[in-house]
Each structure stands twice: as structure tokens, then as C-alpha cells.
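> Spelled out from the first residue to the last, the chains are:
Protein chains: 2
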Amino acid sequence: MKPVKVGLLGLGTVGSGTVNILERNSDEITRRAGREIQVVAAATRHLDRPRSCRTEGIRLTADPFQVVDDPETEIIVELIGGYEPALELVLRAIDNGKHVVTANKALIALHGNEIFARAREKGVTVVFEAAVAGGIPIIKAMREGLTGNRIQWLAGIINGTANYIFTEMFYAEREFGEVLAEAQRLGYAEADPTFDVEGIDAAHKLTILASIAFGIPLQFDKVHVEGIAHVTAEDVAWAEELGYRIKHLGICVHEENGYSLRVHPTLLPQRHMLANVDGVMNAVMVSGDAVGPTLYYGPGAGSEPTASAVVADLVDVVREFNLEPENRVPYLAFQSHFLSNDPVLDMGEVETAYYIRLMAQDEPGVLADVTRILGELGISIEAIMQKEPAPGAEDVPVIFLTHRVKEHRMNAAIEQIEGLPAVNGRLTRIRVERFDS
Amino acid sequence: MKPVKVGLLGLGTVGSGTVNILERNSDEITRRAGREIQVVAAATRHLDRPRSCRTEGIRLTADPFQVVDDPETEIIVELIGGYEPALELVLRAIDNGKHVVTANKALIALHGNEIFARAREKGVTVVFEAAVAGGIPIIKAMREGLTGNRIQWLAGIINGTANYIFTEMFYAEREFGEVLAEAQRLGYAEADPTFDVEGIDAAHKLTILASIAFGIPLQFDKVHVEGIAHVTAEDVAWAEELGYRIKHLGICVHEENGYSLRVHPTLLPQRHMLANVDGVMNAVMVSGDAVGPTLYYGPGAGSEPTASAVVADLVDVVREFNLEPENRVPYLAFQSHFLSNDPVLDMGEVETAYYIRLMAQDEPGVLADVTRILGELGISIEAIMQKEPAPGAEDVPVIFLTHRVKEHRMNAAIEQIEGLPAVNGRLTRIRVERFDS
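For the protein sequence lines, the chains are Z and H, in the order given. Heads up, the first sequence is in full-length UniProt numbering, so the first residue is 1 and it goes up one at a time. Heads up, the second sequence is in full-length UniProt numbering, so the first residue is 1 and it goes up one at a time.
Check each hint, because a few of them may be wrong.
If chains are identical, the list can't say which one is meant, so a pair holds when it fits in one copy or spans any two.
In silico lysine to aspartate or glutamate, EDC-like type, Cα no more than 20 Å apart, as pairs [claimed, not checked]:
hint : residue 1 : residue 2
1    : Lys-5     : Asp-369
2    : Lys-406   : Asp-346
3    : Lys-2     : Asp-95
4    : Lys-5     : Asp-70
It is worth saying that the hints were derived from the structure and are not from the lab.
Generate the whole structure from the sequences, applying the supplied hints.
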């Protein structure tokens, strides 16, 4: 059979990784797919720069629209990132009747509903395995491997930078700022780390995972997002004393009255599989009512890990060329006319347990006041730990672990506690989850 | 669209789980598959026994051939297990032009080559996700999620009974026999545990995984198989002292001159992800040249976990109904005319590191003799540990950790060491792997 012709938008890290894999493993891929996959055209902003892949036989252009309009390309791989011109390019590729592979999580999370509607009209496929958790075939596992299940919850370490920072804070007992600076030096964090440390990147990915888990439309604006900058090295150490590790998780849960979608630092029991995912690695735990808890682990970023997912998507698209659209795997795992309208809950309605750290004057009565406030709001305490003040400091750190309670009630408690004269400054609240497995 | 009609062979643990999931999650499954999946006929040896699923609307029969010959059934799900009549039934279903879903690892490992050849002739699909690692979609991940990769190695905890036994030996510091007896009481081990504790069951699964990883024919008879009965509670404790956990692994590696396929107890570094898979859970780590190490974890057995994989296979088959056979995912991940003839290596040619435990008389010169033998054979020692004799015993346990060396050389060393007058009885050899991740 004649080779499948692919057009590439972007020849950066993932683009050159894709070219390299398709070349190096050409035999292996053809042995599996039954057809050769060939990059015939590629767009790059930097035509004159040295690249980390060979480009013999690839028509290079600085104009990505040329690749999208090229009558020879059957599949377009979008690796430019960002919203524009990526969105316009993807829609134009679809309008041209081409299938699309993309690694662009921001684009899918924010414009996926529109993109899939257009693709459905035109009868083409849009796939995006590389958009979440790099090389881990998590989207395939959920869209196709767990189809018999009602998904109950999903929790994932889906941002390698944040996980690298927490891992270093844990093992090296260093502060957030110091580790971040080092991560930037090592290339694990971007020069502008906002998307990673504020949880935006994880929220993009969680948006996609939640849709695929529950069959709901993509709703990025409904995700509760918290970053990691407020977690101190002391919190990490004290959590460990209590038997926990802190991880930055993307979580979605099928709650009683809807769904919770959230990204926040989370205390996990130390022996939990997710608690032991270190460094820049990613992992997603998915629990289905039939299968129980399952976990998918691997490199969440990088040139070839991400390109591995791109190539797997390419092989899938090639296989499905001759399949009528209604028999293909649905974009968001569920047939579009079967998407659910059940609401995403406001965070106030979500129930978790809490780690609370406050700084109090070392005088009698504070603990009594705090426990009274918690008690009046029906919040039960699992553990209290009072530490020595830091050298030279007067305030004593007090740590509470609570049982599960709805967040709006904890918010009320926090407001009252912060109003106590003996409590100084804002307190730190980190949610606690067990995800019993 | 009209429902897809399924015939079930076997209404035991997995069969009733399948019926239950298809009924309970009927909506969820239809939302994904776009079509309803209906069990219309089922064969069971025990027509009169109470069952753990409802059977309204299902034609029950004691004769499985009736289900296979039933013109209404489009897909046959084989859950009888064993070789006969399972093989005959599967071949007859294929001859009748029906697609087949099976959870039968022994059947696929030993007769898969024949079954797939027949299915290819008839243009039907045979899928078997449930045959390996229960509910974990490991076959899908490898066949479809890692298609861009040259798989380098794979190591898995693929027998829950063996893993339960090692887990208990580790945490509860109990002996093999005692834990096995308890596992049988709890239903984690069969009355006849041979297949589990001798590694046969794991070897069946490893045979399948190796074919899918490397594109080689199924070769069960080439797997080197070792059980777990020779590992003592002391070995487990001493391994821990050295920084390791012992796990029963199925391993296949793309070696320099071929492939190694083996099932044996293995020392793994304590912080390795696989070392932390406890109890009856399964996990498979797969390393590809592009993606790096990835891991898949979940329940490896049980009614609904296994049925979860059966249902996912059913949905896949339904989607591929209208796909020409050459565009379907190949049975063993690689197109049949592209299977590799590279050899499976004899265990003597395989290189690993070793944990060696011997019992020696407590006299000078033994260590010198053993280290001389190892040295003469070019085997370097990483650690030596001499323990106190057990109360009342005269012999001293001596433990060696070696660097990596080909097994035939270690065999020669073991023969010489066992011949030393001061060494009593046979020594225990457990292989050590790091699977750097």
C-alpha cells in the first residue's frame, strides 16, 4: 500500500521528535500499521535554524497554511501550541477534509467543543493523545480500555514541573523558590513558569480527562485551580510526619449531585501509588465501578515521549481511514449526542478532608478557640500537632488534620479562625484525599 | 442502530461479571459504543445452580456448541478456560464467521498461532485483553498506544496470588507455606495452586505480552519458568536489608542476539514502582525507545475487573465490524507477515545480577573459597553479608550480591561452590534486576 502523507505544523521539540521516531522506527511502525507513514511537508518559523531532526524529503515552509492547504497531506499534525494561529489552522485542515493530530492541550481544553463539532460535520478525526501526560496512553486507556465502566474518580500528576518541585522539596528539604530556580536552570521549568506553577497547564489537561471520563462537554472555566507556591518546605515535612506526601493533583470526581473538577496541592497517604511518583514523571489513577482503581505512569513531557503519543495517534488515524465516522472512537469517548448536562459543582459544594496550618501566639486558649470553631461547624478533627516556634520567632505553628467536610463549611471556619486575636496572618489550607485503592 | 448480539460460553465468575456490567452500565456503554450490546445466549454446565447474575432474556443451554452455532450470535465470548473444548469452540466460532473475545490465556499462549491463522483466513477478529492482567488495558496500551516504539523490555507482576504471597511474606514476615494456606482460605489462591506458585499462569501471560511487544510468534515452550516456593522469609528480610524487595516477575527483554522470556522471583530496588505493587494487584512496566518507561497498574483478576476487559473488547469489536481485516489492529500487534524470526535465548545466554544465599560451616576460608571461584569466573561481587546462625543451627547463612553476568557462568560458579566441603546443601539463587526508570 502507498505511504500515508503527513503534514507537520511546528518542528520544535515534539515536531523533531516525531520526525526522528518516524524515521528511526519506520520498519517497526510499518510492521504494526501495515502502511508506511511519511512526513512530506512541515512548517517552521525558523527555516534557517539548525534542527534536531533530518528534513530530507520534507517540503519546508514558513507558512503553516501552505501545509494545511497542500493537496498531498492527508493528516495534519499540529504542534505549534497556543490558540492562534493553531485554532485557525486546525479548523482549516478540517474544512479541507484532513484528519488532525494535535498535542495542544490549551487548544482542546478551550476550543475542543467547537473543533469537534466542525470535525463531525466534515467527517474527519481529531485526536490528541499527546495533549495529556505525554507518552502515557491515558486517553486511549480511558476512551477505549475502560468502556465498560462508570468512571467514579480520576486523580493525576499531570504537570511534571510541579511534581519535580514537590519531589525536590520532599527529598532535599528545600523551599519552593529555590527549587523552581533550579528547575528553570535544568530546563524542567519554563522561563515563565506561570502555567505550570499556577496549575493552568494541569487544568487544561484535567478538563480533557474529565470530559472523557464522564461524557461531559469540555468546561475549562469550571475547573477550580490552585497553584503550588503557597506550600512551604515545613508543610512538606509536617505532612510526612503525619504519614502523607504532598502532590499537585488534577482531580475529577463523580459526586452525588454532579462533578467536581479541581487542580490543587493534595496530601496523599505515603504508601499510595500516586504519592510515590517522583520527579518529572506523570501518573493518572482512574477508578471505574467495574475495574476498580487502575494507574497509568510514564514520562509526561519531552521530545520523544510526547512524539510517541503523536505517532500512536497517526497509526490509529491510518487504521480508521476507511471507517465510517459513526464507528470511530468518539472524540470525547462518548457519542456527541449523548453528552451529559449534569453540572460541575462549585468548590464550596465539594467534600474533602483538610490539612490546616496556622501561626498562633504561644498562649493558652488558642487551641480551645480553634477546636470550638471547628466543633460548632461540625468539622471533626483527626489530628492536632503543635510545633516549636522557629528560632527567633514567637509564633507557634499549629497543624490540624480534619475529617471530610464540605468546603463552604471549612471556608466559614477559616474566616472565624483567622479572626481570632491570637492567630496571626492567613492560614494555609491543603486538601487531603485518600483515593483508597 | 440495532443491538449487537453476543453469545457467552461460561457463566462463572467472569461470565456473570460480564452480564452484570452489560446490564448495570448499559446506558454508559451505549453512550460510548453508539450501539447496545446484548447477551442473547449463554452456555453453562450448571443450568440448575443459582448464579450471581440475572439471566432474563438470555437463552441458556448446557451445550456450548449451540451458542457457537446460533445464527443470531455475532460475537462469541469464550470464558470456559482450559484447552478443550475451548479450542474447538473458538475455531468453530471462527469458522462460523463470528468474532471471538476470550479471557483464556492458556489457550492463546499455546494455541494462539493456530487460532489467529484461522481467524485471518475467515476475516474475523479474535481479541483477548482479559487474558492478561485482568482489568488493566495493557494489551490495548501495547498494541495501540506504543506503536511508535521499539519495545526494549517489559516486566510485570502478572499473577496476583504470587504477589499476595510475597507481600505477606514481606509485611508479616511469614513463611511461604503458611501464607499460601491462608491465601487458599481467603480465596486468593486456588485449591490446586500449581499454576500460580510454579509460574505457569504468569508464563502464559508473558508469552502473550512478549509477542505483542516484539512481534514474535507465541512461544510458550521457550519461556524460562521458576516458581516462588524456594524463597524463604529470611530471603525476603535479607533482600530488604540490602535495599531490595522480592517480586515474582514476568520479564521479556530485547537482548543483543534475540529475546529473553522468563518468569522468576526477582530482587528489585525498594523504591522501584514495581516493588511497591502490593497484594493481589498487578502491574506491567513497558519500556519503549521513544517513550521510556511506562507502567500500567490495576486489579489483575476478579469477576468485574476481568469482565471490564471483556466488555472493552466487545466495544472494540463492534466498532471494527465494518473495517476490512487489513485495517484492524493485528492480533499480535504486528502484521502477521511481518513477525520476527529472531530467537528466544536460552537462559544460559541471559545476563542478570544475582542474589546468592548459601549455608556454610562457620570456619575461616569459606568466604575466600567462594570469592576465588567467583573471581576466576569473572563474576564481580557487589556486596557480601554474613548472618548469625539460626538458634541451635551450626551453619551460617552467607549472602552475595553480584554484578551482571551471563547465567551459564553463574551456573558454573554455583556448581563449584556447592562442591566446597564447607558449603552445605544447595544454594539459593534469585536474580536481581534494576529496570532503571
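> Measure nothing new, just compare the shortest in-copy and cross-copy C-alpha distances for Lys-406 and Asp-346 to 20 Å and report within, between, both or neither.
For Lys-406 and Asp-346, the Cα distance is within 20 Å only inside one copy (11 Å; across copies 60 Å).
> Is it within, between, both, or neither for Lys-5 and Asp-369, if the alpha carbons may be no more than 20 Å apart?
Neither, since 70 Å and 65 Å both go past 20 Å.
> Check Lys-2 against Asp-95 for me: Cα-Cα at most 20 Å, and say if that holds within a copy, between copies, both or neither.
Classified as neither; 24 Å inside a copy, 32 Å across copies.
> Please sort Lys-5 with Asp-70 into within, between, both or neither, judging by C-alpha distance up to 20 Å.
Only inside one copy: Lys-5 and Asp-70 sit 10 Å apart there, 44 Å across copies, limit 20 Å.
Hint violations for this structure: numbers 1 and 3, all remaining hints satisfied.
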